[in-house]
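Peer 1: So the chains spell out like this:
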Amino acid sequence: MSRFIWMRLLQAIPVLLAVITFTFFLIRFAPGGPFDQEKAVIPEVKRALEAQYHLDQPLLVQYGTYLKDLAHGDLGPSFKYPGRSVNELIASGLPATMELGLYALLIAVVLGMAAGLMAALYPNTWRDYLPMSAAMTGICMPMLLLGPLLVLVFGIWLEWVPVSGWGDVPGDKILPSLTLGSAYAAYVARLTRGGVLEVMSQDYIRTARAKGLPERVVIFKHALRGGLIPVVAYLGPAFAGLLSGSFVVETVFQIPGLGRFFVQAAFNRDYTMILGTTTFLAALIIIFNLLSDVLAAWLNPRVRGALEGKA
Amino acid sequence: MSATVEDVARYERGTSLWQDAWVRLKRNRLAVIGGITLIVIGLLCVVGPWFIHYGYEQQDLVLGPAPPSAAHWLGTDPFGRDLLVRILYGGRVSLMVGFIATAVALLIGVTWGATAGYIGGRLDAVMMRIVDILYALPFMIFVVLLTVVFGRSMVLLFLAIGAVEWLTMARIIRGQVQALRQQEFVEAAISLGLSRAAIIARHVIPNALGPLIVYTTLTIPSVMLLEAFISFLGLGVQPPASSWGSLISDGVETMEEYPWLLIFPGIVLSVTLFALNFLGDGLRDALDVRSSRD
Amino acid sequence: MLAACVWLAACSGGRDRVTEGDATGVLHFGNGTEPQGIDPHAVTGIPEWHILGTLFEGLVTLDPVTLDPVPGMADKWEVSEDGLTYRFHIREDAKWSDGRPLTAEDFHWSWWRALQPALGNEYSYMLFPLKNAEAYLTGKITDFDQVGVHVIDPHTLQVELNAPTPYFLQLMAHHSTFPVPRHVIEKFGVPTDKFTKWTRVGNFVGNGPFKLVGWKLNKFLRVERNPAYWDAAHVRLNAIVFYPTENSVTEERMFRSGQLHRTEEVPIDKIPGWRDNHPDQIRLNVYEGTYYYMINVKRPGLSDVRVRKALNMAIDRKTLTETVLKGVQVPAYAMTPPGTIGYEPPKLFDFDPEGARKLLAEAGYPDGKGMPPIELLYNTLESHRKIAVALQQMWKKNLNIDVAMVNQEWKVFLNTRQNKDFTLARQGWIGDYVDPNTFMDLWITDGGNNNTNWSNKEFDDLILRRIPAMKTRAERLAGFYKAETILMEEVPVIPIYTYVTKHLVRSSVKGMPPNLLDYYAFKDIYLEPEK
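Sequence order for the protein chains is D, X and L. This note's numbering applies: residue 1 is where the first sequence begins, and numbers increase by one. This note's numbering applies: residue 1001 is where the second sequence begins, and numbers increase by one. This note's numbering applies: residue 2001 is where the third sequence begins, and numbers increase by one.
The hints are simulated quantities; they were obtained by calculation from the structure and are not laboratory data. Treat the hints loosely; a few may be bogus.
Said to hold, decoys possible - Under the rule of at most 27 Å between Cα atoms (straight-line distance), these lysine-lysine pairs were calculated in the BS3-like manner:
no.: 1; chain 1: D; residue 1: Lys39; chain 2: L; residue 2: Lys2187
no.: 2; chain 1: L; residue 1: Lys2326; chain 2: L; residue 2: Lys2369
no.: 3; chain 1: L; residue 1: Lys2318; chain 2: L; residue 2: Lys2396
no.: 4; chain 1: L; residue 1: Lys2396; chain 2: L; residue 2: Lys2298
no.: 5; chain 1: L; residue 1: Lys2396; chain 2: L; residue 2: Lys2326
no.: 6; chain 1: L; residue 1: Lys2095; chain 2: L; residue 2: Lys2076
no.: 7; chain 1: L; residue 1: Lys2318; chain 2: L; residue 2: Lys2219
no.: 8; chain 1: L; residue 1: Lys2197; chain 2: D; residue 2: Lys46
no.: 9; chain 1: L; residue 1: Lys2187; chain 2: L; residue 2: Lys2095
no.: 10; chain 1: D; residue 1: Lys39; chain 2: L; residue 2: Lys2140
no.: 11; chain 1: L; residue 1: Lys2318; chain 2: L; residue 2: Lys2347
no.: 12; chain 1: D; residue 1: Lys39; chain 2: L; residue 2: Lys2131
no.: 13; chain 1: L; residue 1: Lys2396; chain 2: L; residue 2: Lys2420
no.: 14; chain 1: L; residue 1: Lys2397; chain 2: L; residue 2: Lys2369
no.: 15; chain 1: D; residue 1: Lys39; chain 2: L; residue 2: Lys2420
no.: 16; chain 1: D; residue 1: Lys39; chain 2: L; residue 2: Lys2298
no.: 17; chain 1: L; residue 1: Lys2420; chain 2: D; residue 2: Lys46
no.: 18; chain 1: D; residue 1: Lys221; chain 2: D; residue 2: Lys211
no.: 19; chain 1: L; residue 1: Lys2510; chain 2: L; residue 2: Lys2219
no.: 20; chain 1: L; residue 1: Lys2095; chain 2: L; residue 2: Lys2318
no.: 21; chain 1: L; residue 1: Lys2326; chain 2: D; residue 2: Lys46
no.: 22; chain 1: L; residue 1: Lys2326; chain 2: L; residue 2: Lys2298
no.: 23; chain 1: L; residue 1: Lys2358; chain 2: L; residue 2: Lys2397
no.: 24; chain 1: L; residue 1: Lys2510; chain 2: L; residue 2: Lys2531
no.: 25; chain 1: L; residue 1: Lys2369; chain 2: L; residue 2: Lys2420
no.: 26; chain 1: L; residue 1: Lys2197; chain 2: L; residue 2: Lys2187
no.: 27; chain 1: D; residue 1: Lys46; chain 2: L; residue 2: Lys2396
no.: 28; chain 1: L; residue 1: Lys2386; chain 2: L; residue 2: Lys2397
no.: 29; chain 1: L; residue 1: Lys2457; chain 2: D; residue 2: Lys39
no.: 30; chain 1: L; residue 1: Lys2420; chain 2: L; residue 2: Lys2457
no.: 31; chain 1: L; residue 1: Lys2531; chain 2: D; residue 2: Lys68
no.: 32; chain 1: L; residue 1: Lys2386; chain 2: D; residue 2: Lys39
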């Protein structure tokens, strides 16, 4: 098992390196520099600014310097905010995004699995059609529509919940989490339903029932496991999707998170910030994917046995 | 119910996978509704604007934003532009992005996956590694970067989106190709002297078509969503052109004052996505060889 | 889940932030984008300018009603006969917020730092009226002693100028001329290093009416009254909290739900609602700024002044401002906003589609036929798009010319514009000080901001030589009138409207009168709880 983990970690490094290199050279080709202003900048001043950020050096040298600093964990100074390092900016935006992602994930998994389980246990009844239709809605109605609609109905017309901010006013975390979580709740519901249905038709379920086990045990100990595996495997891509979705949700709800920072940095040509955020998020996704793969493998008794046999 | 002569005849004739699938699909009511809805919306978007006497960029500054009325069935936006026409026009753009970007993804994905799966060995390992690398980038970041770097032309938009969505296609095709490579009829074909390309074209691809069709139908909504996201963030389609995504984005800005500007484009987009998803699901169920005809 | 929502909603009953602030003397200020920083020599934006106005004070400050310079760090000053030498007397009780006395030496050192080429100070040009300042920055001289600022004694600062500059005192109220604490900056690194931690909470030292107590990126920046400030007795607010409010739609909602005392912007579509229902809370005031389109006069077709005039005359500014801009902005028929120190710009044209068509035909493009392609360049913002679309339609309708629209996002747009890679490009110019010069000296030949390729010798002569030599205001205004007439006859720029600032302000906020520069004298502001 541990060999499996190490192998994957080792494979992750060249992947990360490739991501960094690609992004580094990509943004340098973007038109528009970080120092362009409405009022024209005097050439001497522009030169001084470029020197401060090493932009006057050949591209390869800049790349080398960046990698060297990266090895020390230093993501460089932000172009937009003098005096602030990218590490700091990421650290300030991360908590909000993580919290948002966590709540959304919780909503997605809990709501999704509950709905999917119920649908699977009463297939082709209203208990199946209702949650699955809701799930379909969640998938089809994009976040950028759902979010504003929720804001309109619950925030403005009914005034039940606040419409912006994060942690400023009690209850302002509800709408964003719901918006972000609902699309993924939908997928989770479908996956759970599919997984549980497949398991329910298996022989060992019939055996368990024949042995006289109470239905509750049958469901939670065996059937649910069937639904759990595809969901856990989905967590990796779901996480990546959540991160992407956070860009839109953070913008709609004005949440000071990493997603919003990234979009702003892209518009501002804050090279180091773009690069730093991309690297950070890519690393995060790789780790999360690894965790979800490991978890899925561990949950699946056949795969686990094989892996442990190997180790 | 007794079997008729025709049934027996048909049974003995045998039906192909495609005919099977078609029958199953027709039985799936949701999928059928989805398909019909799509065709209707598609037709409306293509043909509709010819019948409406407002241009999509035609302003009426004096009228300004107005709720639905006899003159403007869906109302107008702050420039006095007719919303119905703009939605239909926007539909052309969104659907076009959806289909073209998916086609791009298809092209890249199939070529990549088929090559990797067929040639195998070292090349396969490298090509699939690259797929893994690209999977690591969250799509949004990638697309934002590409649009920021390459400006806002439509062509680049299609390419950027297509470049992001081809990955799963490649994996599917590769899997299919690998499995098929092992099969006897391929060995037979090789021994008969058929070239690799011919084998790929005539045997491999048709067999992989099933999952490909399903995935394509499910990619289109994904692509359209991505386009909507990009427009929402302020990259994407240029005015005065519109896409459903940019219409929604505009509508959000003024949703309190003029809610119809958000609701109507929203409904249209959602309905289209519903239709595509139902159709895709239906196709998947229909083409799924595992669920046999018993 | 629903129950949780309802419960939470019930819990948030009670005083909102603004009412709380009224009672405790805390102003909640919507401030636009997140500030880049608070080093006066390293920032250029309006949000930063607001914050710096609380943390620092220059030689003078401005009266918030008249915008006349009033004593700040300098309690009195003398100007020589020829207008070339100023002597500022720094007040005896001037102190930094850590208690250390502030002297003329601090100003001298601060301006030395501001002019260091290696610092990369984008506002360094504000000090260029000083003798040899520009030469020092561009490296032509290296001895700072030759620059026109000298310390006579700890409380006397002498400044020598290149030419008599009537608006010089206004520059002394701008943040780029503020003093910075040498003892703190040098503790944290080299003076020309922008990346030091001297501006962090806990390290920061300023000399203004407030001091920095808290700063969470993208959440808020908080300042509290500074007891070491020389006029602390006059300051009535206890604290000000600045909020980053990039999205004006969200900002307006925050104002409505009692979270902000003041907003930086008001979305155009919401203005009629506020004007009709709560006119006392919305403020629309003329601003020292002009919105216009630059014409690249080297592009085919546009080198002919008749074509430019035609484009100009085919715009119905009244309808544009009344419908698209909801009557908020004021149509402009010249570059300089009217009322700038009593200046009235010339009005040489009006909406005249007939006349425009005639001119176009004369130039060889009757009914728009054969007109080379024209592109409108603007940066991605809803408001700019609205105007561009309206212009496009007007030119189509009145002149039968097809105009393509190109929009780029901000950084790209700036680059494109700077490289003169456009046919027509949008620009908004806000005056740094109240004087027609700040709008006119844009258009001198090869001016750093003159991307039109337009050049006129007489105009240059007026702006660079004749007007600076004039002694009285009347003379100068007449001179600018002449220059502006030349500009509007040749039309290298198409003025669209004069800016109007739009803010929502709670009625509990007092001491914040509107003015042409949208300048805030934070030491004067106070809160009176609403009835």
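Peer 1: Next step is simple, just say for each hint if it's right about the structure.
Peer 2: Status of each hint after checking the structure:
1. A threshold of 27 Å between alpha carbons decides the hint, and for D/Lys39 with L/Lys2187 the separation of about 32 Å lies outside it, so the pair is violated.
2. A distance of roughly 34 Å separates the Cα atoms of L/Lys2326 and L/Lys2369; the hinted pair therefore is violated under the 27 Å criterion.
3. Under the criterion of a C-alpha separation no larger than 27 Å, the hint pairing L/Lys2318 with L/Lys2396 is consistent with the structure, at around 18 Å.
4. Restraint check for L/Lys2396 and L/Lys2298: satisfied, since their Cα atoms lie roughly 22 Å apart, inside the 27 Å limit.
5. Between L/Lys2396 and L/Lys2326, the direct Cα distance comes to roughly 22 Å. Compliance with the 27 Å bound is thereby established for this hinted pair.
6. Under the criterion of a C-alpha separation no larger than 27 Å, the hint pairing L/Lys2095 with L/Lys2076 is consistent with the structure, at around 17 Å.
7. As the CA atoms of L/Lys2318 and L/Lys2219 are separated by approximately 40 Å, the hinted pair breaks the 27 Å bound.
8. Proposed proximity of L/Lys2197 and D/Lys46 is supported: the alpha carbons are some 23 Å apart, at most 27 Å.
9. With a CA separation close to 18 Å, the supplied pair L/Lys2187 and L/Lys2095 stays within the 27 Å bound.
10. For the hint pairing D/Lys39 with L/Lys2140, the CA-to-CA distance comes to about 23 Å; that is within 27 Å, so the pair holds.
11. Only pairs whose Cα atoms come within 27 Å are accepted, and L/Lys2318 paired with L/Lys2347 is accepted, the gap being roughly 14 Å.
12. Distance check on the hinted pair: D/Lys39 and L/Lys2131 sit about 23 Å apart at the alpha-carbon level, within 27 Å; holds.
13. Note on L/Lys2396 and L/Lys2420: the hinted pairing holds, with a Cα-Cα distance of about 25 Å set against a maximum of 27 Å.
14. Proposed proximity of L/Lys2397 and L/Lys2369 is supported: the alpha carbons are some 14 Å apart, at most 27 Å.
15. For the proposed pair D/Lys39 and L/Lys2420, the alpha carbon gap of about 14 Å is at most 27 Å, so the pair holds.
16. Restraint check for D/Lys39 and L/Lys2298: the C-alpha separation of about 22 Å stays at or below 27 Å, so the hint holds.
17. Simply put, L/Lys2420 and D/Lys46 have alpha-carbon atoms about 18 Å apart, close enough for the 27 Å limit, and the pair holds.
18. Note on D/Lys221 and D/Lys211: the hinted pairing holds, with a Cα-Cα distance of about 14 Å set against a maximum of 27 Å.
19. Of the pairs offered as hints, the one joining L/Lys2510 and L/Lys2219 holds, with about 25 Å between alpha carbons and a cut-off of 27 Å not exceeded.
20. Pair hint L/Lys2095 plus L/Lys2318 does not hold up; C-alpha atoms about 52 Å apart against a cutoff of 27 Å.
21. Only pairs whose Cα atoms come within 27 Å are accepted, and L/Lys2326 paired with D/Lys46 is rejected, the gap being roughly 39 Å.
22. Restraint check for L/Lys2326 and L/Lys2298: not satisfied, since their Cα atoms lie roughly 35 Å apart, outside the 27 Å limit.
23. At most 27 Å may separate the alpha-carbon atoms for a hinted pair to count; L/Lys2358 and L/Lys2397 meet this at roughly 15 Å.
24. Between L/Lys2510 and L/Lys2531 the CA atoms are separated by roughly 14 Å; this keeps the pair inside 27 Å, and the hint holds.
25. The hinted pair formed by L/Lys2369 and L/Lys2420 meets the criterion: a straight-line CA distance of about 26 Å does not exceed 27 Å.
26. Using a Cα cut-off of 27 Å, the hinted pair L/Lys2197 and L/Lys2187 holds, with the two alpha carbons roughly 10 Å apart.
27. For the hint pairing D/Lys46 with L/Lys2396, the CA-to-CA distance comes to about 41 Å; that exceeds 27 Å, so the pair is violated.
28. Restraint check for L/Lys2386 and L/Lys2397: the C-alpha separation of about 17 Å stays at or below 27 Å, so the hint holds.
29. The hinted pair formed by L/Lys2457 and D/Lys39 meets the criterion: a straight-line CA distance of about 23 Å does not exceed 27 Å.
30. A distance of roughly 21 Å separates the Cα atoms of L/Lys2420 and L/Lys2457; the hinted pair therefore holds under the 27 Å criterion.
31. For the given pair, L/Lys2531 sits about 62 Å from D/Lys68 by alpha-carbon distance, which is inconsistent with the 27 Å threshold.
32. Restraint check for L/Lys2386 and D/Lys39: satisfied, since their Cα atoms lie roughly 23 Å apart, inside the 27 Å limit.
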